[in-house]
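**Student:** I would like the entire structure built from these sequences, with the hints used as guidance.
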Amino acid sequence: MFEKETIAAISTGMNNSGIGIVRISGPQSFDIIKKIFVPYKEKDVESFSSHTVHYGNIVDGEHVIDEVLVLIMKAPNTYTREDVVEIDCHGGVVVVKKVLETVLKNGARCAEPGEFTKRAFLNGRIDLSQAEAVADIINAKSSIALDASLSQLKGNIRDIIKKEREKIVYHIAYIEAALDDPEHMNVDNYGEELKEDVDKILIDLDRLLKTSENGKIISEGIKTVILGKPNAGKSSLMNTLLGEERAIVTDIAGTTRDTLEESMRLSELQLNIIDTAGIRQTDDVVEKIGVERSKEMAKNADLVIYVVDASVPFDDNDKDIIQIISDKKFIVLLNKTDLECIVNVEDIKNIIDTDPIEISAKNNIGLDMFENRVREMFYDGKVSFNDEIYITNLRHKELLSEAVNSLNLVNESIESGMPEDFYSIDLMNAYEVLGKIIGEAVEDDVVNEIFSKFCMGK
Amino acid sequence: MPNICEEYDLVVVGAGHAGCEAALAGARLGLRTIMFTVSVDSIALMPCNPNIGGSSKGHLVREIDALGGEMGKNIDKTFIQSKMLNSSKGPAVHSLRAQADKQAYTRSMRLVLENTDNLTIRQAEVSEIIVDDGVIKGVKTFSGAEYHAKAVVLCTGTYLKARCIYGDVSNYTGPNGLQPANYLTDSLKANGIEMFRFKTGTPARVDKRSIDFSKMEEQFGDERVVPFSFSTDPESVQKEQVSCWLTYTNEETHKIIRDNLDRSPLFSGAIEGTGPRYCPSIEDKVVKFADKNRHQVFVEPEGLYTNEMYLGGMSSSLPEDVQYAMYRTVRGLENVKIVRNAYAIEYDCINPMQLKLTLEFKKIKGLFSGGQFNGSSGYEEAAAQGLIAGINASLYVLGREQIVLDRSQAYIGVLIDDLVTKENHEPYRMMTSRAEYRLLLRQDNADIRLSKIGYEVGLVSKEMYDKVCKKEELIEKEIERLNKVPIGANSEVQKFLEEHGSTPLKTGSTLAELIKRPELNYDMLKVFDLNRVDLPYDVIEQVNILIKYEGYITRQLKQVEQYKKLENKKIDEEIDYNDVKSLRNEARQKLNSVRPSSIGQASRISGVSPADISVLLIYLEQYNHEKHLKDKLENG
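If you read the sequences in order, they're chains A and B.
Numbering-wise (the working numbering), the first sequence opens with residue 1 and increments by one.
Numbering-wise (the working numbering), the second sequence opens with residue 459 and increments by one.
Think of the hints as simulated: they come from the structure by calculation, not from any bench.
Be aware that a few hints might be false.
[Claimed, not checked] Below 27 Å or equal to it, Euclidean Cα-Cα: the simulated DSS-like pairs (lysine-lysine) are:
#1 B:666 - A:436
#2 A:105 - B:880
#3 A:162 - B:880
#4 B:1022 - A:4
**Tutor:** Written as structure tokens, this is what we have:
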């Protein structure tokens, strides 16, 4: 067998389908499931034969997390040729995530992007002729995961981690410089000073960890923003897609003055769909705010739907919108094709490199084409949102815990009166692990820090 | 035909610290070896600091010794002061440093070389390497003589196109005014070898009689000296030692330097080579750390039979008159007389990424190199590489498998792996922070780590190796025993613990558990250990360390296990990375240039991401499978 470690991940797309599968692969798969699964029929987990399904609860200690079906598959007749367990959960996104966390807590680690496929390949399950395809998958998934991982670190989390790392590397460098050049620098009793700082860092990291625990685990979906000129039919589209009158629709341009967010399903995909105020030059103060918000929403969207009113000519406002969406994934809908068309598909193609879809939101025409297009983009990976984002989130959490653990070890070393050179070993580990969260490798950081901060030399 | 044409097994070019180890290794392994030097009087010369060892460098010397090298033995014979640095810290960072009598060091090493069988010493400048179809055939000297050999080790140190500079004075000479080697670079370049230009520097040597030592702090050696070599009798190194002296620069010194910066070749651009950050010139320090109002100056003797003193901490390339002025501002140096002034030196070296982990050139079979020529700095770093290059060149000639030490085995492994894997833009110096597994790579256990390898190579005697095996056995047995010796929580024990500031026992324990406490140790607990037999000092030392730091050591061993997994996935030398689809371009380029020998090494190349490593793993699987099939077909 190729690896000794057991890996786990959520193997279904993250949407609110209600069912999610957590897959575990590796030598400890059965040990783990034994610890966390209580079958309804009181049977010993160890007696389960291969390729059988079992009904019961996943528990974390006393606490029941979800009612599940567990599929036991023994090596080598599995996808990865390792022992595999699949847990079918029913309780929606939050619960699936909890189940995965429980699995991780009991000895598995988060799978790297594409790792199941990689193992399947390396264990000889996938034909060698497919090697390139496998490599491509891993590469693609890694880059999506990295993007996603980085995009999740928006706001100050990234900054916080960066700052903590800077503090940590300074301490490492100080200790190392002193050890390297003991006649120039003194590191005696450095523990006191260091502990103060480590305690502070620990408080910050604990806070970060807590946010991920209480976690606003929002049902994540593809953030889809509807954009267009006033009265292009955006709200009609929203209502038609939702199948209910959520947005107020009038003939008066500028009716929607604020954004309106709703969650909807499109086949198996989850869209968080946002209706926005029409974009136009306006002097109306309230409308102006709405327009600005629309632009802002578009900026953060995974997908933009640009609704063009076929019954009115192109103008500067359209140019404005095209400018906004130029660096986004977008779909252009040519609406109101039931009316007399002033703008046609060819006109749009001349301006934007896209294949617009003709619809009539009011009459529910052409929306199936739209649905297909969204799915196509999703599965081609053009809309970069998938389960990996979720997993990287958990990965972050795992890494944060590891960093906290290492820093606690530093404190332990200080408290038990270990010599100073022991501190930097665990500090280094914390530094490395935190680096993984923000995608930074270690390389020669310590040596560089030593030379830039401390005057060394004979 | 040239007038002289001789045949050897091994040619070593250079007789510095790398060259000496390489030549000795070759000759001792039975190869007919010839060593070239531009000056026989400068064998094992110490052109810069008058000491051997120091933080992490001391580790290197111990490792050289455990592998059967000469440096440790030679400094044990010729030191005039010795100190164990960081002795109040953990055992992993204890490091020996000894002041050398430079002339004695040189003379003693020369004598060893001269009396080694199979070894010829020749004073001549090697000007060309002879290569035929990617295989080394020998060297040619400036006079036109040819020396044919199956392997060549280049250890040219700082001599290639060397230029010494101070102020606006620049001389094309090697260190100490020695003759440089001006032709070899061109021959190397013509054979496709990429060269770098590095720079380093040295402070002035001054006349002892002109120093007022009463204004300085005296620095003594250790009361009990620990030898470098595992084969040196510890009693033989207990002798009278010479002091060093500590003084400081001051604001006046710094002002003189600042006022004359425009006359420094470093700042005017007259020096093009890249200098080391870890041993900056005094003018560098003053500029870069402007907030510091003083810097340390160590005044160290150059030997017992000379009045020359080395001004550690004040290397410089300022003009002579500025040197006088600045040195004379330092307390105790007010009337100082310079014997040799400070200078910077520029020299050609190679981009070491052209080497394999064995220190053989990837593109020229049988050509090896070591030392400052490989872009490192320091006597110890040089000797370590010289030894490995010498060993591997010999094993190559003998048709035996060459050795590679990895990062979990030795500092030498870290040193060489860093040199050949990572882009290096300055002379590389060893540091303990570069060793990930330093708790395992201690200077005290270098013999246990490496004697076996030295013995298998043939440089360590059976007797020496047996001694180490015996030592290991004693350590293991004693730890096992200590884990079983019970200690009751009786009043006698509690009283003892209280007296030593240790918390009383709640329940019964073992001796091993008590040894773990920082305030206690093996020797102190003798009273409770009735069955104890007398063990040698070095066994007790290991027992103490292994018990005290067991938790940490176990953790590092686990990390090593992870590391080994990747190191053990070897990459075929013949792989063409252009065939590996899905690699990012940057990664492909780097991989093509480094040509790592394992997945582990590949993962340490900057610019190669974890995803690239996955892609590579998958490609290798396919590659090895196909190769296996092909071999099967060919072999029926």
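**Student:** Compare the structure with each hint and give your call.
**Tutor:** These are the hints, each one checked on the structure:
no., hint, result
1, B:666 - A:436, "violated, 55 Å"
2, A:105 - B:880, "violated, 37 Å"
3, A:162 - B:880, "holds, 25 Å"
4, B:1022 - A:4, "holds, 13 Å"
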